[in-house]
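A.B. asks: Let the hints inform the model, and build the full structure from the sequences given.
Every letter in the sequence shown is one number past the one before it in my numbering, and letter 79, counting from 1, is 79.
Fair warning: there could be bad hints in the mix.
To be verified - Here are the computed distance ranges between Cβ atoms for each label pair: (1) E3 with R86: 50 to 60 angstroms; (2) M77 with L29: 11 to 21 angstroms; (3) L40 with E83: 20 to 30 angstroms; (4) D45 with S16: 16 to 26 angstroms; (5) E10 with V41: 15 to 25 angstroms.
Unchecked claim - 25 angstroms max Cα-Cα, derived SDA-like pairs, lysine to any residue: (6) K66 with R86; (7) K35 with R2; (8) K35 with E10; (9) K35 with I8; (10) K35 with K66; (11) K64 with G74; (12) K64 with T78; (13) K64 with S76; (14) K66 with I80; (15) K35 with G74; (16) K66 with I55.
No lab work stands behind these hints, which were simulated from the structure alone.
The structure presented is a predicted model; accordingly, all values stated were derived computationally and were not measured.
Idealized CB from N, CA, C, for every residue including glycine.
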Amino acid sequence: MRERRIAIQELEGNLSTYLDEVRSGTTLLLTDGRKRVARLVPEPDASDPTEAPTIAWSGRRLKKTKPKARLRDGGSMTQIVRENRR
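C.D. replies: Below, the structure written as structure tokens:
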């Protein structure tokens, strides 16, 4: 994936040109002075099965979860798997 840095002022003056670049696969990193502000990323092609959906994570700690299933007889899952393999 290609990536270009451009200033916001430059984007404002040539928006259609830069949108064509994004459509062709280029990622644009928008800057305000030296500060990075945003990233314009091409949308994945929905008709292409090789395009995998992306997942965004905020980086915050996830909540602890409790197991949803419990065994009634107190046995372990390992014991059940071993019995089913016999």
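A.B. asks: If a hint holds in the structure, say so; if it doesn't, say that too.
C.D. replies: Here is how each hint holds up against the structure:
| no. | hint | in the structure |
| --- | --- | --- |
| 1 | E3 with R86: 50 to 60 angstroms | 56 angstroms, holds |
| 2 | M77 with L29: 11 to 21 angstroms | 48 angstroms, violated |
| 3 | L40 with E83: 20 to 30 angstroms | 56 angstroms, violated |
| 4 | D45 with S16: 16 to 26 angstroms | 21 angstroms, holds |
| 5 | E10 with V41: 15 to 25 angstroms | 18 angstroms, holds |
| 6 | K66 with R86 | 31 angstroms, violated |
| 7 | K35 with R2 | 20 angstroms, holds |
| 8 | K35 with E10 | 15 angstroms, holds |
| 9 | K35 with I8 | 11 angstroms, holds |
| 10 | K35 with K66 | 43 angstroms, violated |
| 11 | K64 with G74 | 23 angstroms, holds |
| 12 | K64 with T78 | 23 angstroms, holds |
| 13 | K64 with S76 | 22 angstroms, holds |
| 14 | K66 with I80 | 21 angstroms, holds |
| 15 | K35 with G74 | 58 angstroms, violated |
| 16 | K66 with I55 | 24 angstroms, holds |
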